[in-house]
Amino acid sequence: MLLFRSEEWIDKWCKRNNLARGEVITINHVWELSKLWYQDRLSLDYHGRSIEQVQEIFRQAGLTSEFWHGAG
Amino acid sequence: MNESLLWQVRHFVYNHFADTTYSPNVEDTAAHFNISPAEAGELYKELNNRHAFFLEPETLTVRMAWPFSAIPTNFKVHANDKTYYANCAWDMLGIPTILHGDAVIEAICTESNDSVRLEIRDAKIAQAALPGGEDAASSTLLVHFPLPFARWYDDLTFT
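The listed protein sequences derive, respectively, from chains A and B. Counted the way the working numbering counts, the first sequence spans residues 1 to 72. Counted the way the working numbering counts, the second sequence spans residues 73 to 231.
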């Protein structure tokens, strides 16, 4: 997941690498996702996540499109 | 496979990263748990298989224990009087989250090569600055996820 200054630079990068554009979200949105995703990662009780738990985190972060579904 | 020991090893590796900025090698982990390096190696491989962390291919060296990177990247995070490297733009925000503290992040924007400085204070992005001190409304900075979630583990380095 790469950081870009604007949409224009994402398009340039995709074109130069001959890659389809994926999903783009703002850094503030990623910050909210990060808090849900990483807050418990240093705990001894963290044993990974089920697909259902991952999907719930995406849902809480408002990421509900097909892009965020699947087995991972 | 001893499941309890497996997750204790995961916990040890992650907290070693948090405490030191780098991963413990298999010998260090074996000594910590009073087990053989071969046994520790098997636990490392199992944790890699379960996507708990990512080993350099064909080695027992931890490359990624998300959000931490064992190698320098374009995402540098200063926190707790230490400097960490994150694997990606998402993970650079994961480090202050996992450490539950403030941080200063120095990152490079892909393609434009602009450097960006972010300050994390009180669990918020307090400031984002572009070269020359130009304030960047953090909402204008974007993160591109090139692959859908279902394909993230196909090639972790690319993801």
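Since the hints were derived computationally from the structure, they do not count as laboratory data. By construction, the Cβ of each residue, glycine as well, lies at the ideal position given by its N, Cα and C atoms. Honestly, I wouldn't trust all of these hints.
Far from chain A, by Cβ distances over 10 Å, these chain B residues were calculated [said to hold, decoys possible]: (1) His-123; (2) Ile-143; (3) Val-176; (4) Asp-186; (5) Lys-196.
Mimicking EDC-like on lysine to aspartate or glutamate, the simulated pairs with C-alpha atoms at most 16 Å apart in a straight line are [said to hold, decoys possible]: (6) B:Lys-117 / B:Glu-128; (7) A:Lys-35 / B:Glu-128; (8) A:Lys-12 / B:Asp-174.
Selected chain A positions facing chain B (Cβ under 8 Å, derived; list incomplete) [said to hold, decoys possible]: (9) Leu-2; (10) Ser-6; (11) Val-24; (12) Ile-25; (13) Lys-35; (14) Trp-37; (15) Gly-48; (16) Ile-57; (17) Arg-59; (18) Gln-60.
Comparing the hints with the structure gives:
B:His-123, annotated as away from the interface, has a beta carbon of chain A within 10 Å; the closest lies near 7 Å. At roughly 16 Å from the closest C-beta of chain A, the C-beta of B:Ile-143 stays outside 10 Å, upholding its exclusion from the interface. Remark: the non-interface label on B:Val-176 is consistent with the geometry, its nearest Cβ contact in chain A lying 15 Å away (cut-off 10 Å). Here B:Asp-186 does not stay apart from chain A, with its beta-carbon only about 5 Å from theirs, under the 10 Å limit.
Under the 10 Å C-beta cut-off, the non-interface status given to B:Lys-196 relative to chain A is violated; the minimum distance is some 8 Å. About 11 Å separates the Cα atoms of B:Lys-117 and B:Glu-128, which keeps this hinted pair within 16 Å; it holds. Our distance criterion of 16 Å between C-alpha atoms is broken by A:Lys-35 and B:Glu-128, whose separation comes to about 27 Å. For the hint linking A:Lys-12 to B:Asp-174, the alpha-carbon distance of about 33 Å lies beyond 16 Å, and the restraint is violated.
Hint on A:Leu-2 holds. Least Cβ distance to chain B is approximately 4 Å, under the 8 Å limit. Residue-level restraint check for A:Ser-6 holds (minimum Cβ-Cβ distance to chain B is 7 Å; threshold 8 Å). With its C-beta approaching chain B no nearer than about 5 Å, A:Val-24 sits inside the 8 Å limit, and its interface hint holds. The beta carbon of A:Ile-25 is positioned within 8 Å of a beta carbon in chain B (closest approach about 6 Å), and the interface hint is therefore held.
For A:Lys-35, the shortest C-beta to C-beta distance to chain B is roughly 5 Å, which falls under 8 Å, so the interface hint holds. With 8 Å as the threshold, the beta carbon of A:Trp-37 comes within range of chain B, its nearest partner Cβ sitting at about 7 Å, so the hint holds. Given the 8 Å rule on beta carbons, the hint for A:Gly-48 holds: about 6 Å separates it from the nearest Cβ of chain B. Interface restraint check: A:Ile-57 against chain B, minimum CB-CB distance 11 Å, threshold 8 Å, status violated.
Restraint check, A:Arg-59 versus chain B: the minimum CB separation of about 12 Å is more than 8 Å; hint violated. Look at A:Gln-60: its Cβ only gets to about 15 Å from chain B, farther than 8 Å, so that hint breaks.
In the structure shown, a violation is registered for the earlier hints numbered 1, 4, 5, 7, 8, 16, 17 and 18, in ascending order.
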